[in-house]
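Following the working numbering, the numbering of the sequence shown begins with -19 at its first residue and continues without gaps.
Think of the hints as simulated: they come from the structure by calculation, not from any bench.
From the three backbone atoms N, C-alpha and C, an ideal C-beta is built for every residue, glycine too.
Among the clues, some could well be false.
Ranges of calculated distance between the beta carbons of each label pair, as one might list FRET restraints [stated by the list, open to error]:
#1 Asn164 x Asn45: 36 to 42 Å
#2 Asn95 x Asn173: 39 to 45 Å
#3 Thr175 x Pro59: 35 to 41 Å
#4 Val131 x Asp27: 36 to 42 Å
#5 Ala91 x Ser149: 40 to 46 Å
#6 Ser37 x Ser293: 29 to 35 Å
#7 Ser19 x Ala91: 23 to 29 Å
#8 Ser274 x Ala91: 34 to 40 Å
#9 Ser231 x Glu264: 35 to 41 Å
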Amino acid sequence: MKKYFCLPTIILLAVLLLTTAVSAISHTWKEQLSTSEASLVSIYAMDYKHAFAVGDSGIVAGTSNWGQDWAYGTYTATPPWEDLNHTHFYSSSEGYIVGDNKFFAKVTYEASTGNFYFTSISGPTPDINLNGCFALGNDDAWVAGDFDGTVNRVYYFDGAWNSRNTGISANDTSFKKIGFVDPNEGYVVGKDNVTGMKVVYSTANAGLLWSPEVTGAGSGSFNALHVRGSNDVWVAGTSGEVYYYDGSWASKSITGGVDIKDIYFISATEGWAVGEGGTLYHTENADVASPTWSSQILDASYTLEAISFGSSSSGWIV
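Please construct the entire structure, taking both the sequences and the accompanying hints into account.
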């Protein structure tokens, strides 16, 4: 097990801390600049003051005090370092990371010391880039990634690797995110590189069979997935295209929208999406047929890659 770092080393990260007024009308984002040249691409908020982020060149970062102090480093002391693509926690102290070249590791956060620890685990075969992960528990995780040349893009980890791709098109398909409601019901999103179209697949039996979802989605990729519960699923991607599932799929797209990288809903009506050109979208009426999406540019020189909330009033963007 590899020790990572000890807080409270003070650094400045390209992370945005959200605070919401009691009235839930005003929203203020506080920028926390980074001195690191590596880009963060995924963040998970364990609660309102603890968060963990990963990114290019093996960078990892963590805070235990609302982002006032951050510590950062790499998952090993010496290179080579893989680009890390996604992280997901199944508890306030444990989760997983995935990255390029089938990188897979467990993360353990020790609240009493502020230390993060890493346990490297051999990834699935062959050497594909893993883009998304979802952890249900210890030795109970799902990963999804790029096409391996045959059929394998989705795997289940229960201490060993199990390919779970029945029902998924044999086309060259790259998956970006994966999420589950419970051990049986799950979703995976991405792009069919042969047809050039966005794709969503669902399973009701722990990945033993996947079924295609969302007819009518345009070309490009679904990059974002937020599974809030059964019949409560959001997906988003290229050109501001957003779909919602509540037993049937309906478009909730953003007219003239940029490519969306991540989406997160804090309630049935209020949610956020982030994407290219530093764009942040926000809606408070997602329950209507055509939600109103407001937008603001946080920094046009950056792509906003991920958003996560630790409570209904605090979250981060990277």
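Now the hints, each set against the structure:
no. : hint                        : in the structure
1   : Asn164 x Asn45: 36 to 42 Å  : 38 Å, holds
2   : Asn95 x Asn173: 39 to 45 Å  : 41 Å, holds
3   : Thr175 x Pro59: 35 to 41 Å  : 38 Å, holds
4   : Val131 x Asp27: 36 to 42 Å  : 39 Å, holds
5   : Ala91 x Ser149: 40 to 46 Å  : 44 Å, holds
6   : Ser37 x Ser293: 29 to 35 Å  : 33 Å, holds
7   : Ser19 x Ala91: 23 to 29 Å   : 27 Å, holds
8   : Ser274 x Ala91: 34 to 40 Å  : 36 Å, holds
9   : Ser231 x Glu264: 35 to 41 Å : 18 Å, violated
Checked against the numbered hints given earlier, the structure breaks only hint 9 and satisfies all the rest.
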